[in-house]
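Given the sequences, and given the hints that come with them, work out the whole structure.
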Amino acid sequence: MTTLAQENITTKPSQVFQEIDSNAKMQAINVDAWFGQKQILKSVSLSVKPHTVTAIIGPSGCGKSTFLRCFNRMHELVPNAKMVGQILLDGKNIYDRRIDPVQIRRRVGMVFQKPNPFPTMSIYDNVAAGLKLTGVKTGKSLDEVVKRSLEQVTLWDEVKDDLKKPGTSISGGQQQRLCIARAIALQPEVILMDEPCSALDPIATAKIEKLVIELKQTYAVVIVTHNMQQASRVSDYTAFMYLGELIEFGETGQIFENPKNRLTEKYITGEFG
Amino acid sequence: MRFTGDKVFKVLVAVIAASALAILIITGYTLSVGSMPVLQKFGLNFFFGQQWSPAAGREIFGLLPYILGTLATSGIALLIGVPLSLGIAIFLVEMAPRSLRVPISYLVELLAAVPSVIYGLWGLFVFRGFMVTYIETPISKYLGWIPIFSGEPGGLDIFTAGAILAIMIIPTVASISKEVISSVPNSIREGAYSIGATKWEVIKRWVISYGRSGIFGAVILGLGRAVGETMAVTMLIGNATSFSAMPTSLFNPGQTLSSLIASGILDASSPFAYSAYIGAGLALLFMSLIINVGAHFVMTRVFKVKGGAIE
Chain A
1 MTTLAQENIT TKPSQVFQEI DSNAKMQAIN VDAWFGQKQI LKSVSLSVKP HTVTAIIGPS
61 GCGKSTFLRC FNRMHELVPN AKMVGQILLD GKNIYDRRID PVQIRRRVGM VFQKPNPFPT
121 MSIYDNVAAG LKLTGVKTGK SLDEVVKRSL EQVTLWDEVK DDLKKPGTSI SGGQQQRLCI
181 ARAIALQPEV ILMDEPCSAL DPIATAKIEK LVIELKQTYA VVIVTHNMQQ ASRVSDYTAF
241 MYLGELIEFG ETGQIFENPK NRLTEKYITG EFG
Chain B
1 MRFTGDKVFK VLVAVIAASA LAILIITGYT LSVGSMPVLQ KFGLNFFFGQ QWSPAAGREI
61 FGLLPYILGT LATSGIALLI GVPLSLGIAI FLVEMAPRSL RVPISYLVEL LAAVPSVIYG
121 LWGLFVFRGF MVTYIETPIS KYLGWIPIFS GEPGGLDIFT AGAILAIMII PTVASISKEV
181 ISSVPNSIRE GAYSIGATKW EVIKRWVISY GRSGIFGAVI LGLGRAVGET MAVTMLIGNA
241 TSFSAMPTSL FNPGQTLSSL IASGILDASS PFAYSAYIGA GLALLFMSLI INVGAHFVMT
301 RVFKVKGGAI E
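Top line first, the protein sequences correspond to chains A and B. Each residue of the first sequence is one higher than the one before, counting from 1 in our numbering. Each residue of the second sequence is one higher than the one before, counting from 1 in our numbering.
One or more hints might be untrue.
Claimed, not checked - Each computed SDA-like pair below joins lysine to any residue, with the alpha-carbon atoms no more than 25 Å apart:
| # | chain 1 | residue 1 | chain 2 | residue 2 |
| --- | --- | --- | --- | --- |
| 1 | A | 216 | B | 190 |
| 2 | A | 216 | A | 203 |
| 3 | A | 82 | B | 208 |
| 4 | A | 207 | A | 229 |
| 5 | B | 199 | A | 136 |
| 6 | A | 164 | B | 201 |
| 7 | A | 164 | B | 204 |
| 8 | A | 38 | B | 101 |
| 9 | B | 199 | A | 266 |
| 10 | B | 199 | A | 97 |
| 11 | B | 199 | A | 96 |
| 12 | A | 165 | B | 204 |
| 13 | A | 137 | B | 208 |
| 14 | B | 204 | A | 103 |
| 15 | A | 132 | B | 208 |
| 16 | B | 199 | A | 113 |
| 17 | A | 165 | A | 148 |
| 18 | B | 199 | A | 138 |
| 19 | A | 165 | B | 183 |
Hints are computed from structural coordinates only; laboratory data are not their basis.
In structure tokens:
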């Protein structure tokens, strides 16, 4: 570890993306984050292009989930959590004091590590919950959104006869697709995924991965994963994080075949992690 | 040797477990036997009669006013106490900073340690005046035309007794609700936040909904305490008897089953009158049992709770 830490200092990349990237759907600029006194993120900058999948990889505890949770202001919900820096959505800082985090979370959806459908709600209501919050109560339009969202995640045929059953009554893989449907029912612009397959079996994982690639036609997707093969299969861009810093960011092919940073290379080749 | 030890332990534990049931059965049996004289004389009229007169030779005993009085005070206690308790629980779990959470939880639980006679004394000298001046008189002035608010507020009445019960059930309901709410998985809150729910919506539509069976259980435990609570109620309810004890207005003196027993049994002039008070105890026991069995029914049938989880 000590040698890595030393290398980390000597090989720290110069900070990139500090200027506003007008092509980006979302852009993080010099993001620092803390839990209490412990600094989790150190000046991380990264931009997410529209209609792409951006993967964030790195060993456990490198801050990748925390970083992801800064993109829809979920980080601040944890007691003692702090964040400094900017995250832009269409060029506007989502941490601006005039911005309501509730509005941001409707535009930037999230899928969690462990499938978390709402157990007290039916499958239908799980998908409809977000829309109901915005005031859409019932009716045909809601039915249509629920159907379309479930179709997009290829769950409709599996659950169309059981829409009234609890969201937790289906298998883990189906639950995770239900959670994706719940997120896209609000027609967000960006979808954040925090290790969405880590609790799933290989077949369910393959389905989610296929879905991620389809989702980028409509949304920008940011996916945190500890699975490097997954990152290389689904993503267009890959960011490698280590000890709270962004070590390298680039096109996925380049990161995996020709990493510029020695730490990235070591991680990719499995020398540590 | 170890094998025999296990067997002995098993028998011992089974006996201890069975003793809980035995105590309930013995209590019920004793009360039934003790109240046999009045039950034989009045039959069901003992539970549904309204008159209570221990005058020797012309004794007549009916429990209806006290059964209704118990329901009325307990109902008021829940109506006032449950929202307050839920507010405390929600504040402690969802909003209070950690530095406040522990001391306030402790203080709330400390309320349970105050002996009920203290609540009675405080109620008599402080709370009663407060109720008359700031609550009952204004209500009587503007809503006096509604039958349940009719009459002259005097402070020693059903409303005051119910309000003191509300305070007394807060520690039970609030601390159990607090445990229930803190056991709601964070992943549910996060899922709700991620689709754009506000804090209020997360609490209302997700946290309470997920914890509803546990909160219902907390309310039932509070109700159990309210139904049986004796001392403070006896000191504050005004101890009406016979027809005048019918709870027609919240601002009239009333009587509950427990306060009837506490205020009357020492003056019971004959073995027959004594048996009537034991009969009141039997009615109280039945009420508590019905509430608990009913609550269990609601939990299993309405909330479909099995093994502590919502299906």
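Structure-based check of all given hints:
1. 216(A) <-> 190(B): 24 Å, holds
2. 216(A) <-> 203(A): 21 Å, holds
3. 82(A) <-> 208(B): Between residue 82(A) and residue 208(B) the Cα gap is close to 28 Å, so the pair fails against 25 Å, i.e. violated.
4. 207(A) <-> 229(A): It holds: about 15 Å lies between the C-alpha atoms, which stays within 25 Å.
5. 199(B) <-> 136(A): Holds - the C-alpha atoms of residue 136(A) and residue 199(B) are around 19 Å apart, at most 25 Å.
6. 164(A) <-> 201(B): The given pair, whose Cα atoms are some 22 Å apart, holds under the 25 Å limit.
7. 164(A) <-> 204(B): Distance ~21 Å between residue 164(A) and residue 204(B) Cα, so the pair holds.
8. 38(A) <-> 101(B): 23 Å, holds
9. 199(B) <-> 266(A): Given that 25 Å is the threshold and the Cα spacing comes to 43 Å, the pair is violated.
10. 199(B) <-> 97(A): 18 Å, holds
11. 199(B) <-> 96(A): 19 Å, holds
12. 165(A) <-> 204(B): Judged against 25 Å, a Cα distance of about 21 Å means the pair holds.
13. 137(A) <-> 208(B): 20 Å, holds
14. 204(B) <-> 103(A): 19 Å, holds
15. 132(A) <-> 208(B): 17 Å, holds
16. 199(B) <-> 113(A): The hint holds at about 22 Å.
17. 165(A) <-> 148(A): Roughly 18 Å between the alpha carbons, so the hint for residue 165(A) and residue 148(A) holds.
18. 199(B) <-> 138(A): 23 Å, holds
19. 165(A) <-> 183(B): 23 Å, holds
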